[in-house]
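S.K.: Each chain, letter by letter, is given below.
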Amino acid sequence: MNSKKFRKKFLSTLLIIAILLIVFIELMPIIVVFMNSFKRDIDIWARGPFYFSFNFDSYKSVLSNRDFLLSLRNSIIVAVVSTVISIIVGAMASYGITRYVFRSKKLIAYSFLIFRMIPQISLVIPLFMMFNQFQLRDTLTGIILSHMSFNIPYVVWLLLPFFAAIPRDFEEAARIDGASEGGVFWRIFLPLVGPGIVVSAIFCFLMSWNEFLYALILSSTNARTAPVAVNGLLGQYAPKWGQLSAAGTIMLIPVLIITITLQKYIIKGLSAGGIKG
Amino acid sequence: MKRKRTFKHWIFILPALILVISILVYPIFYSIYMSAYDWNLFHSDAKKFLGFGNYLSLFKDREFLHSLWLQLGFIVIALPIETIIGFFVAILLNRDGKFYDVVRALLLLPVFVLPVISGLTWRMLLQPEYGMISFILEKLGFGVKAWLAEPNFAYSMVIIQDIWRMWPFMFMFIYAGLSGMPKEYIEAAQIDGAGLWKKITKIVIPYLRPTIATALLLRLIDALRIFSEVYVMTGGGPGNSTLLLSLYINKQAFEFFNIGYAAAMGVILLIVALIIAFFIVRGNIQFEGEKG
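Here the protein sequences come in this chain order: A and B.
Note that this note's numbering gives residue 1407 to position 208 of the first sequence, counting from 1, and the numbers run on in steps of one.
Note that this note's numbering gives residue 56 to position 18 of the second sequence, counting from 1, and the numbers run on in steps of one.
Hints are supplied without guarantee of correctness; some may be wrong.
Claimed, not checked - No more than 30 Å apart at the CA atoms, straight line, and that leaves these computed lysine-lysine pairs for DSBU-like:
1) A:K1204 <-> B:K237
2) A:K1304 <-> B:K46
3) B:K289 <-> B:K98
4) A:K1203 <-> B:K240
5) A:K1208 <-> B:K237
6) B:K221 <-> A:K1208
7) B:K221 <-> B:K86
8) A:K1203 <-> B:K236
9) B:K221 <-> B:K85
10) B:K85 <-> A:K1203
11) A:K1463 <-> B:K136
12) B:K237 <-> B:K221
13) B:K136 <-> B:K221
14) B:K98 <-> A:K1204
15) B:K221 <-> B:K240
16) B:K98 <-> B:K86
17) B:K221 <-> B:K236
18) B:K289 <-> A:K1204
19) B:K289 <-> A:K1207
20) B:K236 <-> A:K1207
21) A:K1207 <-> B:K136
22) B:K221 <-> A:K1207
23) B:K136 <-> A:K1208
24) B:K85 <-> B:K98
25) B:K46 <-> A:K1305
26) A:K1463 <-> B:K237
27) B:K221 <-> A:K1463
28) B:K136 <-> B:K237
29) B:K237 <-> A:K1203
30) A:K1204 <-> B:K236
31) B:K85 <-> A:K1208
32) A:K1207 <-> B:K85
33) B:K46 <-> A:K1203
FYI, nobody ran anything at the bench for these hints, they're computed from the structure.
Computed from a prediction, not measured in an experiment: that's the story for all the values here.
Whole structure, please, built from the sequences with the hints as guidance.
M.R.: Okay, here's the thing in structure tokens:
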């Protein structure tokens, strides 16, 4: 009896050790970035991976680097603006598709779902030519537009089941009260799909924040976003790993906050189509 | 309930539709147009109509076939491993409690880490002498090497980087499916005296098959267009040993400026992606709303 109890306890301890080991391995690279952000570039080259220090020089260099600050500002503007516009037009479209009966309904819905899956590299070549033609290259407008190309279809796709789940009665009641088409959408439906809006806002922001290829090809100095700037810290001859880690840690802050606090929404967001633009 | 026909829905749909047509649909057609030309940006005046010529040359382009091969290998190796790890960790972590909630949240972090940061971090870990992984390999007696300068090793590391980042994605889906599984399924099997292995193969896997299929298709489409991580980690090198499809297209388009030729490759990639998308969409129809 006693040995059985002991065996059980032993196994559950083993399980917890195994789990902690998995978590440790999984977070190791992120921890390394975090630790290296408190080292100077020279310490990283010279002192081996297990040297610890708590030095803010890398942060100071990065935060006084005008190019990086500009790119950080650009990243925030691009992510926020593309998220807001995508949510507004996306929610409207999703509402229009689910709440009305019309012939091309299926075609339109499927098209949006499929647009979500277009590989970036296939799209960036024609966008590069078009942006050159319309003077949109290296402008924030251009980068925002390019990010909307993956965010709008994402919002439409994600919100379809949310809008579809709302009972007809809500709508009928509002119409009887004399609400206009727009009023029904803004005052009745939008609040009801609140959780859906939250999920799509999180994911749009993250996808835009993490996006690299469009920014790499479609911007040069003015509209460069932070992921491209971080990569630029690699330099030609001497990679500035300390500064790179500091910049990386700064970039990771919103990502960490979002993933940890909004845990329960994440699976919903992931099921609506990957995590990349 | 039938309603009378209106056009009001277009007021709601049009803004998104117009935007999407101008930044997605039109560019795609434009790129099909581009793909029909021998078109180099350095001498764009000499654009020459080829019809399907670019597509035909692709089959003779050894570098293209090589990148296709690397891409295929990447998918065939990474995805099953991600699924298997995700599956077993999901079984391990299918328990209630605050501890497990926190663990699940932490495990999901790498999925959301910026691809650029992920690629650069692995590059940093593999730097000779001061990179953590190189350091450990050195202590294990593998010598001091610039690991990312070894073609096979670089390719393996690109795959390992992806497995590290993405098995939690599979894990999350499988866990979600698993936690929704009725307890009676397992209990019934227990009464029948089924062992653990039998429970997994006869009950859990069949139950989770649709979930795993959807998650795998989503992964497949992401894996097919992987770019940023690899671009910053190895740049496609050494040589062209990690030059996956997107990287080769990028190289043709924006290093050699063969945009006609690159557009043709883009169109082929697009077609493959659309075929996969078709299967995802088919399993995801839930927008019809309530019946009646």
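S.K.: Each hint: holds or not?
M.R.: For each hint, the structure was consulted:
At most 30 Å may separate the alpha-carbon atoms for a hinted pair to count; A:K1204 and B:K237 meet this at roughly 24 Å. Using a Cα cut-off of 30 Å, the hinted pair A:K1304 and B:K46 holds, with the two alpha carbons roughly 13 Å apart. For the given pair, B:K289 sits about 18 Å from B:K98 by alpha-carbon distance, which is consistent with the 30 Å threshold. In summary, the hint linking A:K1203 to B:K240 is supported, as the alpha carbons are separated by about 29 Å, within the 30 Å threshold.
Proximity of A:K1208 to B:K237 is assessed by CA-CA distance (about 23 Å); at most 30 Å being required, the pair is judged to hold. At roughly 24 Å between alpha-carbon atoms, B:K221 and A:K1208 fall within 30 Å of each other, so this suggested pair holds. This hinted pair does not check out: B:K221 and B:K86 have alpha carbons roughly 66 Å apart, beyond 30 Å. Of the supplied pair hints, the one linking A:K1203 and B:K236 holds, its CA atoms being roughly 24 Å apart against a limit of 30 Å.
With a C-alpha separation of about 66 Å, the suggested pairing of B:K221 with B:K85 is violated against the 30 Å cut-off. Our distance criterion of 30 Å between C-alpha atoms is broken by B:K85 and A:K1203, whose separation comes to about 80 Å. Proposed proximity of A:K1463 and B:K136 is supported: the alpha carbons are some 14 Å apart, at most 30 Å. Between B:K237 and B:K221 the CA atoms are separated by roughly 12 Å; this keeps the pair inside 30 Å, and the hint holds.
Among the hinted pairs, B:K136 with B:K221 is consistent with the structure: their alpha-carbon atoms are about 21 Å apart, no more than 30 Å. For the given pair, B:K98 sits about 68 Å from A:K1204 by alpha-carbon distance, which is inconsistent with the 30 Å threshold. Under the criterion of a C-alpha separation no larger than 30 Å, the hint pairing B:K221 with B:K240 is consistent with the structure, at around 15 Å. A C-alpha spacing of about 20 Å is found between B:K98 and B:K86, which places the hinted pair at or below 30 Å, so the restraint holds.
Using a Cα cut-off of 30 Å, the hinted pair B:K221 and B:K236 holds, with the two alpha carbons roughly 16 Å apart. A hinted pair counts as satisfied when its Cα atoms are at most 30 Å apart, and B:K289 with A:K1204 does not qualify at roughly 63 Å. Taking the CA atoms of B:K289 and A:K1207, the gap is about 57 Å. The hint is violated against a cut of 30 Å. As the CA atoms of B:K236 and A:K1207 are separated by approximately 22 Å, the hinted pair is consistent with the 30 Å bound.
Only pairs whose Cα atoms come within 30 Å are accepted, and A:K1207 paired with B:K136 is accepted, the gap being roughly 21 Å. As the CA atoms of B:K221 and A:K1207 are separated by approximately 22 Å, the hinted pair is consistent with the 30 Å bound. Distance hint between B:K136 and A:K1208 is fulfilled; the C-alpha atoms sit about 19 Å from each other, no more than 30 Å. Restraint check: the Cα-Cα separation between B:K85 and B:K98 comes to about 21 Å, which is no more than 30 Å; the hinted pair holds.
For a cut-off of 30 Å, the pair hint linking B:K46 to A:K1305 stands: about 17 Å separates their Cα positions. Annotation: proposed proximity of A:K1463 to B:K237 holds, straight-line Cα distance about 28 Å (limit 30 Å). As the CA atoms of B:K221 and A:K1463 are separated by approximately 22 Å, the hinted pair is consistent with the 30 Å bound. The straight-line distance between the Cα atoms of B:K136 and B:K237 is roughly 27 Å, inside the 30 Å bound, and the hint therefore holds.
A distance of roughly 23 Å separates the Cα atoms of B:K237 and A:K1203; the hinted pair therefore holds under the 30 Å criterion. Taken as a hint, the A:K1204 and B:K236 pair is honoured in the structure, with Cα atoms around 26 Å apart against an allowance of 30 Å. Between B:K85 and A:K1208 the CA atoms are separated by roughly 74 Å; this puts the pair beyond 30 Å, and the hint is violated. A distance of roughly 74 Å separates the Cα atoms of A:K1207 and B:K85; the hinted pair therefore is violated under the 30 Å criterion.
Using a Cα cut-off of 30 Å, the hinted pair B:K46 and A:K1203 is violated, with the two alpha carbons roughly 70 Å apart.
Of the numbered hints listed earlier, those contradicted by the structure are 7, 9, 10, 14, 18, 19, 31, 32 and 33.
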